[in-house]
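Chains as they are written, first to last, in this note's numbering: chain A, 1 to 416; chain B, 1 to 115.
There is no bait here: all hints are sound.
One-sided and incomplete, this derived list gives chain A residues near chain B with beta-carbon spacing under 10 Å:
(1) Arg32
(2) Pro119
(3) Pro174
In silico DMTMM-like cross-links for lysine to aspartate or glutamate, where the CA-CA straight-line distance does not exceed 25 Å:
(4) A/Lys163 <-> B/Asp88
(5) A/Lys163 <-> A/Asp188
(6) B/Lys41 <-> A/Asp178
(7) B/Lys38 <-> A/Asp178
(8) A/Lys22 <-> B/Asp88
Source of the hints: derived by calculation from the structure; they are not laboratory data. By construction, the Cβ of each residue, glycine as well, lies at the ideal position given by its N, Cα and C atoms.
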Amino acid sequence: MPAGEGDAQRTAEAVARRSYGKLVAFLAARTRDVAAAEDALAEAFASALADWPRTGAPDNPEAWLMTVARRKLIDASRRRKTSANFEPQLQLIAEELGASDAMDIPDQRLALMFACAHPAIEESLRAPLILQVVLGLNAETIASSFLASPSAMSKRLVRAKDKIRQAGIPFEIPVREDLPARLSAVLDAIYAAFTEGWTDPAGTDAARRDLTGETLFLANLTAELMPDEPEALGLAALMFHAEARRPARRNAAGDFVPLAEQDIDLWNTRQIDQANALIRRAGARESLGRYELEAALQSAHAHRRLTGRDNWLEIVALYDALQMIVASPVVAINRALAIAELEGPGGALDAMPDAEADPRLSGYQPYWAARADLLARWGAKREAAQAYDMAIGLERDPAVRRFLQKRKSITASDKP
Amino acid sequence: MQYLLMIYGEEGGWNALPEAAQKEGLAAYTAYGEALRKAGKLINANRLRDTPDATRVTVANGKTKVQDGPYADTKEQLGGYYLIEAKDLDEAISWAARCPGASHGIVEVRPVWEM
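With the rest of the complex left out, here is chain A:
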């Protein structure tokens, strides 16, 4: 390998991570043709990997890639001149590219994210779409993260990009009245991708582990681009709190360790500080949204473990507030578990949602795990064992299965 090759590769990878979405957003802003922008950019990266080892990486790699990609984009439009709307397309590209100085490319990634999370895009595709066009992840990686087939995922992503262009989905930050709902679609998509990354907390699956890092980057980026939106700050804080505890969630044998038993020396205190700083910035404003509340909850859990000071009253109050905004069984279950710490398992069992009233719960693993735990503490051994069996049968992480099996056998051998 020639001396410069490794450097050129590293520079290209660094620019790809930092600037991929920025360049796609800029190239596609006027024509809304995300696929064409991605193709042009891919060609520009290929040229970079061919040229930079010989010539050395340019001083401003972003501007270099922009210049090459805009040329590729115009070439591609020319080649497709059979297409009926070729002239206006070319006009748009030329105007946009001519008007702007490549040294100072405006950051339109946020507008691109709003296009990807538009209500006209199918909800389950919004997160994959953002991961692909803002971060440049390939369809295979995304498919494995979302437990989908690569070819199906690839086709659906192509379809979604076609829709952005053909249906005229705007590349814009929505007007004030639409902003809260539309922003929450963007944040929900980022969070959905993050929780997919969490389904492999042991980090054995490379695609999933990377996804957590990538989505943290996205959440941070959104918070930076919308510093006045408490929910954007709240989501980033929530994710940093969760990430900070990752090293403590497994013991040396790879077994699952619940929060109450985690070794706090393994927590990443820098990330906890970062999260708390974000919460303080968000809290300076009036409204309390879903992510801000969830971040406050994570912060309170961390605070309790770090100081040893009981704060379950505060935690139950935060869950009460969250339940007013998000009427989800997940919130109700976590609230019941907090009530157990305050009032004991009896009150908590009363606070649990009813599986007969909500059929979704019967296939929801955390519901059965929570119920099993509460029943065991309450002394209802037989019902607890049945609930543990349900939880074990519904779990896909072997480490969590082992943890639940251990809990189940401890319950069975307990003196009545």
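With chain A's structure known, arrange chain B on it following the hints.
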């Protein structure tokens, strides 16, 4: 871009309305059309007759087949449309949401294929 806003609703619903409500509905549609026109967005709009007046035509093997009734026999039927000019999907959606048809039925927004 041009968008076709298609109003789907339950047929017979209109006739079942009391006269006062029909009057109100008519006034709402008139006002909506007027607002579109004044904003310079309206290209064309029409109300369609009910599906008992619909006829399906197909040509296969050189033979024309003519049948009574609409293409899809569903409860919600196409009852009218607005062809509008909008800068993007969001603008089209905001006009669709103002259409009285969105309150008593469904408005489907379809971008027009630009030639």
